[in-house]
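Peer 1: Could you put the whole structure together from the sequences, leaning on the hints where they help?
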Amino acid sequence: MHELFQKIIALPWDQAPQWLFLIPAFVMLMGAAAAVMLRNLIHCALCLTLSFIALGVLFMALGAEFVGFVQLLVYVGAVAMLILFAILLTPAGEVAASNNPLRNFKFSRAFAAAGGATVALLVLVSLLGAIFFSPHARAVVPPAQAAIAPVKAIGENLLNHTLLPLQATAILLTAALIGAALLAKEEKKS
Amino acid sequence: MMLQVILAISAVLFCFGLLATLTRSNAIMVLIGIELMLGAGNLNFIAFWKFSTHPELLTGIMFAIFSIALAAAEAAVGLAIVIQVHRRLRSVNVNRATQLKG
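Residue numbers (my numbering), protein chains in the order written: chain A, 319 to 508; chain B, -4 to 97.
Rather than coming from a laboratory, the hints here were simulated on the basis of the structure.
Mixed in with the good hints, there may be bad ones.
[To be verified] Not the full set, but computed from the structure, chain B residues with beta-carbon under 8 angstroms of chain A: (1) L2; (2) A3; (3) L13; (4) L14; (5) G36; (6) N39; (7) M57; (8) L74; (9) A92; (10) L95.
Think of the CB as a built atom: it goes at the ideal place given N, C-alpha and C, for glycine as much as any other residue.
Peer 2: This is how it looks when you write it as structure tokens:
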């Protein structure tokens, strides 16, 4: 096993073709599509986890190793687990038919799905048009730089240029954790 | 051309998130869609960093890191709200949370 890893590391990764990043991108898009389309919530969360893992691998393939590992730690390790726990804690209760505001419209669900799909498709078409056919799309893009995001430089940047945002993020995370604990706490019946 | 391909992938991912947010009535699926859209934004930051004229300034990397931290806070608070809504209404269907409706 160890020798296999060493052989993989010793491969000439510098000369790898550029289109290799399409593989994690494809896995990511398939995972996202499955997460959106599937009916079973647990399957949705697991496909979302797959999509997050592929997104982290894509970050690493694009040269942002640190962001890729942060993505794996935060999204796969924390957010996906939170979503799974929330799904398990909220079993699908019976929706009383009399309380359902959409009960009068026989095809309301189909209409809502078609409307949402139309809006998403329009946004997609306009985004792709802007990406490929706008005047800025013909601007000269500087060539892809070699992967240069050393962790040391990121740490120095965090503690020099972005020190204030870092502290603000710390306060925000503390507030979010306290707020989440307060919100999810069981209320005492008085 | 590679930058545009990455941006197109990111646009498709964003639209999957938008689709989940708009069409699913389960509050957890709405949150999943928001997470997908935030991931697409992060991918854009990384792509523009990779093809910028001064990648050594690490601007895109910094934006992506802070964005991930904000997404984590958003997910924690959002799921706590979902659990509280389920406790009140016995349901996580967003169509039933109508108490604040004017």
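Peer 1: For every hint, state whether the structure bears it out.
Peer 2: Against the structure, the hints come out as follows:
1. L2: OK, holds: L2 (chain B) within 8 angstroms of chain A, min 5 angstroms.
2. A3: 6 angstroms, holds
3. L13: Given a least distance of 5 angstroms, the restraint on L13 (chain B) holds.
4. L14: 4 angstroms, holds
5. G36: At about 11 angstroms, which exceeds the 8 angstroms cut-off, the nearest Cβ of chain A leaves the hint on G36 (chain B) violated.
6. N39: 10 angstroms, violated
7. M57: At about 5 angstroms, which falls below the 8 angstroms cut-off, the nearest Cβ of chain A leaves the hint on M57 (chain B) intact, so it holds.
8. L74: 4 angstroms, holds
9. A92: 10 angstroms, violated
10. L95: 14 angstroms, violated
Hint compliance for this structure: hints 5, 6, 9 and 10 are broken, all remaining hints hold.
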